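**Q** Those protein sequences? They're chains A and B, same order as listed. Straight run, no breaks: the first sequence in the numbering used here ends on number 131. Straight run, no breaks: the second sequence in the numbering used here ends on number 419.
Just so you know, the hints here were simulated from the structure itself, not pulled from any lab data. In this text the structure is predicted, and so the values were computed from the model without any measurement. Among these hints, one or two may not hold up.
[Stated by the list, open to error] Residues from chain B that face chain A, not an exhaustive set, calculated with beta carbons under 8 Å:
#1 K133
#2 G254
#3 Q320
We put the beta carbon where it would ideally sit given N, CA and C, even for glycine.
The lines below spell out each chain.
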Amino acid sequence: MRGKEKTSILLLDDEPIVSKRLKPSLEKRGYEVEAFTDGFSALQRIKERKFDIVVTDLKMEGIDGMHFLTEVKKKFPETEVIVITGFATMQTAKESFQKGVFDFLAKPFKIKEITEVIKRAENRQRERASK
Amino acid sequence: MKMLVPVDTNPYSAVAARKAAKLAINTWADVTILGIQTAGSAANNMPDAALSSAMSAYCKAFLSNAGEMESPYGDGEPAPWRATGNGVWETSIASETAKKSLRLMVKKGSTLDMILEQAAQDGSDFIVIGSPAKVADPGWTGELDLTAKVANKAPCSVLVVKEEKSVNTVMGILDQDHVSQESLELINQMVTVHQAELKIVGLATAKGLDERVEMKMGEVLDYYASKGVKAWITMVKENEMEDFAARAAETSLVGIWLGKKSFLAKIFSKDRVSQLINATNSSVLVLK
Numbered sequence: 001m002r003g004k005e006k007t008s009i010l011l012l013d014d015e016p017i018v019s020k021r022l023k024p025s026l027e028k029r030g031y032e033v034e035a036f037t038d039g040f041s042a043l044q045r046i047k048e049r050k051f052d053i054v055v056t057d058l059k060m061e062g063i064d065g066m067h068f069l070t071e072v073k074k075k076f077p078e079t080e081v082i083v084i085t086g087f088a089t090m091q092t093a094k095e096s097f098q099k100g101v102f103d104f105l106a107k108p109f110k111i112k113e114i115t116e117v118i119k120r121a122e123n124r125q126r127e128r129a130s131k
Numbered sequence: 132m133k134m135l136v137p138v139d140t141n142p143y144s145a146v147a148a149r150k151a152a153k154l155a156i157n158t159w160a161d162v163t164i165l166g167i168q169t170a171g172s173a174a175n176n177m178p179d180a181a182l183s184s185a186m187s188a189y190c191k192a193f194l195s196n197a198g199e200m201e202s203p204y205g206d207g208e209p210a211p212w213r214a215t216g217n218g219v220w221e222t223s224i225a226s227e228t229a230k231k232s233l234r235l236m237v238k239k240g241s242t243l244d245m246i247l248e249q250a251a252q253d254g255s256d257f258i259v260i261g262s263p264a265k266v267a268d269p270g271w272t273g274e275l276d277l278t279a280k281v282a283n284k285a286p287c288s289v290l291v292v293k294e295e296k297s298v299n300t301v302m303g304i305l306d307q308d309h310v311s312q313e314s315l316e317l318i319n320q321m322v323t324v325h326q327a328e329l330k331i332v333g334l335a336t337a338k339g340l341d342e343r344v345e346m347k348m349g350e351v352l353d354y355y356a357s358k359g360v361k362a363w364i365t366m367v368k369e370n371e372m373e374d375f376a377a378r379a380a381e382t383s384l385v386g387i388w389l390g391k392k393s394f395l396a397k398i399f400s401k402d403r404v405s406q407l408i409n410a411t412n413s414s415v416l417v418l419k
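So here's chain A without its partners, still in its complex pose (with noise of 0.2 Å):
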């Protein structure tokens, strides 16, 4: 995140109607989005470009969440994972955080509250930059 760039979402979750409800909201909100809904051309992509923040289903066929947020912290550490699911328990949340997500949301949730931990996502990143 630089200067007055947008920030940069990637999106991935395999249900469509999760990125057409949150793709145009976000971007209404001034964010770069791009969506994906197969996890082998989300990984594809991150090897193209870094992402500010990733925000991810947990649970896909394919690639799942938990080994496609492993693959972004690999490659860029201070990329903010935010994990979304529709299938949380206590041992995924804490899996989640020692992989070192930022947040976890469980669905159903509110444009406004992803919103508000995009925010503070992209709060940290800017007090860590000015460090």
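Keeping the supplied structure of chain A fixed, place chain B upon it in accordance with the hints.
**A** Positioned in the frame of chain A, the structure of chain B alone reads:
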């Protein structure tokens, strides 16, 4: 997920708080425990002592229910109550390790109005509320049939908790034409938290199963299959649905979708929803 847990000092609120704690600790929900003082309550400058004491006890369920796991609400104690408005007091858990918020709030006013107002203010996704097991049992003061009114009027889904028992089956009664994504997501969370079997109930017309309905239910099955959730589908005729729901509620956690566009809402009039909630000893999930 944002969860609202309205409570009073009756035993059913303790049961509801324990259920809410189990759900919240698994879903890492931001939680507001809301106690309501009726306008005539004695204390003016502090929350009612019995209510605040009960709320502190309910709060402990959220801090201790994580077993060996760290609670998302940290390990602190509630800070002293502070007035945040006219007839409004708040406190929260003061813990540096907290990852999610656990707020205790007391409001003075009409119980129903205060619950609905707080749900709107918080943008709650889910309300968990306790209910007396039988209609004749003493319950929420100030409102007759309060839990059914909350279930009918709340802008979000409502879990009416009756008694503490394990849930082996979640029975999702859906309107296959318009069921909301939020409802499917909440059913998923219920199945996951309870490690329960999922049964999906669809509506058949009086003539039986038509092609359109069959296709829709196939899509619902595919949705769950893609999530690795084994789901069973049952079709019930419109005119038998009410009896079916009442019977199912005896053995399962029944989740019934009564959103704005729900055809089920036409079958289950508000009075019938009240009857369903009042007639069963089990918990009922009203999905929006």
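**Q** Is the hint on G254/B kept, meaning its closest Cβ partner in chain A is under 8 Å away?
**A** holds (5 Å)
**Q** K133/B was flagged as interface toward chain A. Is the shortest Cβ-Cβ separation under 8 Å?
**A** holds (6 Å)
**Q** Would the hint on Q320/B stand, with a C-beta cut-off of 8 Å toward chain A?
**A** This interface hint holds because 6 Å falls under the 8 Å limit.
Checked against the numbered hints above, the structure violates none of them.
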